[in-house]
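With the hints as extra help, turn the sequences into a complete structure.
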Amino acid sequence: MAFPKRKNIQPERQRERELLVVVGSKNPVKVQCTENGFQRAFGEHHFIVEGLNINSEVSDQPFGDEETYRGAFNRAKNAKNTFPEADYWVGIEGGVEEVDNEMIAYAWVTVMDRNGKLGKAKTSTFFLPEAISKLIRGGMELGAADDKVFDRENSKQGNGAVGMLTNGTIDRTEYYEQAVVLALIPFISDKLYK
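Oh and the sequence shown: position 140 is 140 in this note's numbering, straight run, nothing missing.
Calculated directly from the structure, the hints in this document are not laboratory data.
If you're wondering where the values come from, they're calculated on a predicted model, not measured in any experiment.
All C-beta atoms in this analysis are idealised placements derived from N, C-alpha and C, irrespective of residue type, glycine included.
A portion of the hints provided could be inaccurate.
[Stated by the list, open to error] Simulated DEER-style distance windows between Cβ atoms: (1) F150 / D190: 37 to 43 Å; (2) K194 / D60: 32 to 38 Å; (3) Y193 / G139: 36 to 42 Å; (4) D87 / L192: 18 to 24 Å; (5) G139 / L118: 28 to 34 Å; (6) I188 / S124: 15 to 21 Å; (7) T166 / N101: 18 to 24 Å; (8) D190 / S124: 21 to 27 Å; (9) R152 / T82: 39 to 45 Å; (10) E44 / L118: 21 to 27 Å; (11) N167 / R137: 21 to 27 Å; (12) K148 / V99: 18 to 24 Å.
[Stated by the list, open to error] Below are the BS3-like pairs computed for lysine-lysine, each with C-alpha atoms no more than 27 Å apart in a straight line: (13) K134 / K117; (14) K134 / K194; (15) K120 / K77; (16) K191 / K120; (17) K77 / K191; (18) K134 / K148; (19) K26 / K120; (20) K117 / K77; (21) K26 / K77; (22) K194 / K120; (23) K191 / K117; (24) K26 / K148; (25) K194 / K122; (26) K191 / K122; (27) K77 / K194; (28) K77 / K122.
This is the structure:
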């Protein structure tokens, strides 16, 4: 796998070099929210953010916190194993869970660096309408269920359920971006996270 070569913006200052971030997915939403989150957290750095098709080693539609977190962790870990030359590796996995006979949706984000430090965070949760929940219980992925209910195509690479259910007030990129920043806390406040 070939990525663009890093350029030294100002060779005399090591901190100004471009840092390579590999996302364990080629989904453009996951790549963009990662780029946005890193830029928000570390505006003084320049980042190249690339996505790879990485196996999460969990179900296509993870159920519950444990499986969803494991999917995010595996995406970051497998991205690191696939392209160890990067500076950071990111895994993002969306999941669902039953709460009092209703279904919620959320995602886990994990970030690893070259030193073995791990950051992790979870998005906020929201309840899915029964029409979507019923399709998921029947074995459909959330993205496919969204497409069916909203008569769309490939919504998981667009605004997703959160975007459609909020009439675009919150899009999927924005929804994940905050969790990316939260997963970066151990790197932002690195003196407190050894």
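Structure-based check of all given hints:
1. F150 / D190: 37 to 43 Å: holds, 42 Å
2. K194 / D60: 32 to 38 Å: The hinted range 32 to 38 Å holds for K194 and D60, with Cβ atoms some 37 Å apart.
3. Y193 / G139: 36 to 42 Å: Holds, since Y193 and G139 (Cβ atoms, about 40 Å apart) stay within the stated range.
4. D87 / L192: 18 to 24 Å: The hint (18 to 24 Å, Cβ to Cβ) holds, given that D87 and L192 are roughly 21 Å apart.
5. G139 / L118: 28 to 34 Å: holds, 32 Å
6. I188 / S124: 15 to 21 Å: holds, 20 Å
7. T166 / N101: 18 to 24 Å: Taking Cβ atoms as reference, T166 and N101 lie about 23 Å apart, which means the hint holds.
8. D190 / S124: 21 to 27 Å: holds, 25 Å
9. R152 / T82: 39 to 45 Å: violated, 31 Å
10. E44 / L118: 21 to 27 Å: 23 Å Cβ-Cβ, so the 21 to 27 Å window holds.
11. N167 / R137: 21 to 27 Å: holds, 25 Å
12. K148 / V99: 18 to 24 Å: With a Cβ separation near 23 Å, K148 and V99 satisfy 18 to 24 Å, so the hint holds.
13. K134 / K117: violated, 39 Å
14. K134 / K194: Given that 27 Å is the threshold and the Cα spacing comes to 44 Å, the pair is violated.
15. K120 / K77: Holds: K120 and K77 sit about 13 Å apart, inside 27 Å.
16. K191 / K120: holds, 17 Å
17. K77 / K191: holds, 24 Å
18. K134 / K148: OK: K134 and K148 at ~12 Å, within 27 Å.
19. K26 / K120: holds, 20 Å
20. K117 / K77: The hint holds at about 12 Å.
21. K26 / K77: Holds: K26 and K77 sit about 15 Å apart, inside 27 Å.
22. K194 / K120: Between K194 and K120 the Cα gap is close to 15 Å, so the pair holds against 27 Å.
23. K191 / K117: holds, 12 Å
24. K26 / K148: holds, 23 Å
25. K194 / K122: Within the cut-off at roughly 21 Å; holds.
26. K191 / K122: Holds, because 22 Å separates the two Cα atoms, which is no more than 27 Å.
27. K77 / K194: holds, 19 Å
28. K77 / K122: holds, 17 Å
Consistency with the previously given hints fails for numbers 9, 13 and 14, ordered from lowest to highest.
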